[in-house]
Amino acid sequence: MAITEELPIYKATYDLVLIIFRFTKNFNRDYKYTIGESIKNEAIETVTNIYRANCNKHKIPYLEKARENIEVIRLYIRLLKDLHQISTKQLVYVNGYIENISKQLTGWYKSQNKIL
5 MAITEELPIY KATYDLVLII FRFTKNFNRD YKYTIGESIK NEAIETVTNI YRANCNKHKI
65 PYLEKARENI EVIRLYIRLL KDLHQISTKQ LVYVNGYIEN ISKQLTGWYK SQNKIL
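Read in order, the letters of the sequence shown are residues 5 to 120 in my numbering.
Everything labelled a hint here was simulated from the structure, so no lab data went into it. Everything numeric in this text was worked out from a predicted model, so none of it was measured. Cβ coordinates follow ideal geometry from the N, Cα and C atoms, glycine included. Be aware that one or more of the hints could be misleading.
Said to hold, decoys possible - Restraint ranges, calculated between C-beta atoms of paired labels, are given here:
no. : residue 1 : residue 2 : range
1   : G111      : D19       : 14 to 20 Å
2   : Y37       : K93       : 21 to 27 Å
3   : K36       : E72       : 23 to 29 Å
With the hints as extra help, turn the sequences into a complete structure.
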């Protein structure tokens, strides 16, 4: 078991959490306490599930949940762009992180399925 904080996926996800928290500060009041809180919770849950997957013998349930979390975040980001809460530049920037994390989660998930 690697130290969680040293895992590339953990670092990328933690950075994504920070980015999302910075973005939500600038949301309109109508969205800050609805979708803003939801996306922050999904981001925190994603990094938590990655931590749990790393620390647990049975990783697959946590990896599946983290994969679900990252797809929900992707959906929220697209919605936020359509609601004019983030710019196209911000969308592209965040999607880079999301894509990176998604690929790493998929690889980790596949490697765990081979073990079983």
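How the hints compare with the structure:
no. : hint                   : verdict
1   : G111 x D19: 14 to 20 Å : holds, 18 Å
2   : Y37 x K93: 21 to 27 Å  : holds, 25 Å
3   : K36 x E72: 23 to 29 Å  : holds, 24 Å
The earlier numbered hints are all upheld by this structure, with none contradicted.
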